[in-house]
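Just so you know, the protein sequences line up as chains V and W, in that order.
All the letters of the first sequence, read from the start, carry residue numbers 0 to 222 under numbering that gives the first Met the number 0.
All the letters of the second sequence, read from the start, carry residue numbers 0 to 211 under numbering that gives the first Met the number 0.
What the hints contain is simulated information worked out from the structure, not anything from laboratory work.
Computed from a predicted model, the values in this text were never measured in an experiment.
Note that CB positions come from ideal geometry on N, CA and C, so glycine has one too.
There may be inaccurate statements among the hints.
[To be verified] When the alpha-carbon atoms are kept at most 27 Å apart in a straight line, the in silico DSSO-like pairs for lysine-lysine are as follows:
| id | chain 1 | residue 1 | chain 2 | residue 2 |
| --- | --- | --- | --- | --- |
| 1 | W | Lys-211 | V | Lys-191 |
| 2 | V | Lys-51 | W | Lys-105 |
| 3 | V | Lys-100 | W | Lys-49 |
| 4 | W | Lys-82 | V | Lys-187 |
| 5 | W | Lys-49 | V | Lys-67 |
| 6 | W | Lys-139 | V | Lys-191 |
| 7 | V | Lys-177 | W | Lys-60 |
| 8 | V | Lys-195 | W | Lys-171 |
| 9 | V | Lys-191 | W | Lys-105 |
| 10 | W | Lys-139 | V | Lys-51 |
| 11 | V | Lys-195 | W | Lys-84 |
| 12 | W | Lys-139 | V | Lys-177 |
| 13 | V | Lys-143 | W | Lys-167 |
| 14 | V | Lys-51 | W | Lys-158 |
| 15 | V | Lys-187 | W | Lys-203 |
| 16 | V | Lys-191 | W | Lys-84 |
| 17 | V | Lys-67 | W | Lys-82 |
| 18 | W | Lys-118 | V | Lys-51 |
[As the list claims (entries may be wrong)] Across the chosen pairs, the derived CB separations fall in these ranges:
| id | chain 1 | residue 1 | chain 2 | residue 2 | range |
| --- | --- | --- | --- | --- | --- |
| 19 | V | Glu-43 | W | Asp-170 | 17 to 23 Å |
| 20 | V | Asn-217 | W | Lys-60 | 28 to 34 Å |
| 21 | V | Asn-204 | W | Phe-40 | 42 to 48 Å |
Chain by chain, the residues run as shown.
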Amino acid sequence: MPKIKIPKSSPSIDMTPMVDLAFLLVTFFMLAASFRPSEPVTVETASSISDKVIPENNIMVTLDTDGKVYFNLTNPEARKEALNNMASLYKVSFNEEQIEKFALMSTFGCTMKELPAYIDLPGDSRKEFKTEGIPLDSLDNQLKNWISYSQMAALNTGKTAYEEAKQKGLAPDADDFKPKFIIRADGKSVYKKAEKVIDVFRELNLNNLNFVTSSEFNPNNPN
Amino acid sequence: MAEIAESGGGGHDKGKKRAKKSSTRVDMTPMVDLAFLLLTFFVLTSTFSKPKVMSLAYPAKIDEPIDKNAPKLNNGITFLLSKDKIFYYTGEFYPADRPGKDGPTKLTETNFSASGLRKVLADLNSYVLLRKEGMVKKVKAKQMADTTYTRELEQLKGKPEALKVLVKTDDKALCKNFIDLIDEVKIAEIGVIAPVPMLPAELKLLETQLKK
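Please take these sequences and the hints and turn them into a complete structure.
Structure below.
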């Protein structure tokens, strides 16, 4: 006769599968995550069916609900070059540290005069910086200068990157190294304001523009 | 620990002495804590969907005046945008003091829904859409390569029979309205989209329509 035993359940559970899963997820999120630098403005864009992902190398003009204009250039090297050119044009001097800081910054929206003070602010308080945005009227069209200098700088850095890729034996597409022009307008902003920005681009003969949108369902190819 | 359960019966050599086995289990709780902490952090901070962009080519700015003898636009539609409102007319614009064959241009109101704007555009651009449908069928039946399809669709969009769209905005229209309209235009497979400034006569007509 077998002895009847009361099965004692162990208070410790085998956690291995759970831990496996947890680490799998951690790894996934770590690799998939892309961190966005904090932006001084939050913009809610309209939606479209477009599935074209935002290009890496871009020059972006942001327009918020009040019609304030912000500017961003993605390439850090090109940022430095553009800033130096702008500094000599507007006779504003920046020290080395400020230039380095500027290269790693994201979107900014202030006049050239305010820029040194803006750069010196710690990241979190840049949101509270009181400014009217980048001027773009005909008397003081700083946006136009920013765009044209940034385009030149981005083309220069793009050219060196293209040469490097060529030397490595790759077959690079020259178009990938050219900056793309992007307008990120808040859905609630007035279109006439966006048109002003668009006109600045068009005056510089940059007619192929991209609007940032959030994606929505496409009735043409539902998949 | 309780995991080395005693087997219920024979086959157990009682005479042999066993070396004391130290448990192979490690307390994993701190590690799991950390793993979940990291997991929560990454889940909350990561942003997945990269924003999308919609390209739009604007007409180049030219100084020379527009050629008066240029071919007339006969299968165009002009949209007049105001805040959350949209009107359109087809063909050329005839102001009240210079009426065309069918009298002065009248604006028709529509909306941004699928039954409004999308239907209007689909009806007017049926030339392209019908041919596109035929091509899609061919692609599905493997009678046409999809590269050919893309190329031919582009050619189709540029044909004179395809609908052309002009977009004019007043100073109250929102960016959202504009982008929604361009989006619908792209859904209707229209190749030629031109955002152009509004004529004063059109603005007047739009304002009287808005007051109604």
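So which of the earlier hints does this model not fit?
2, 6 and 12
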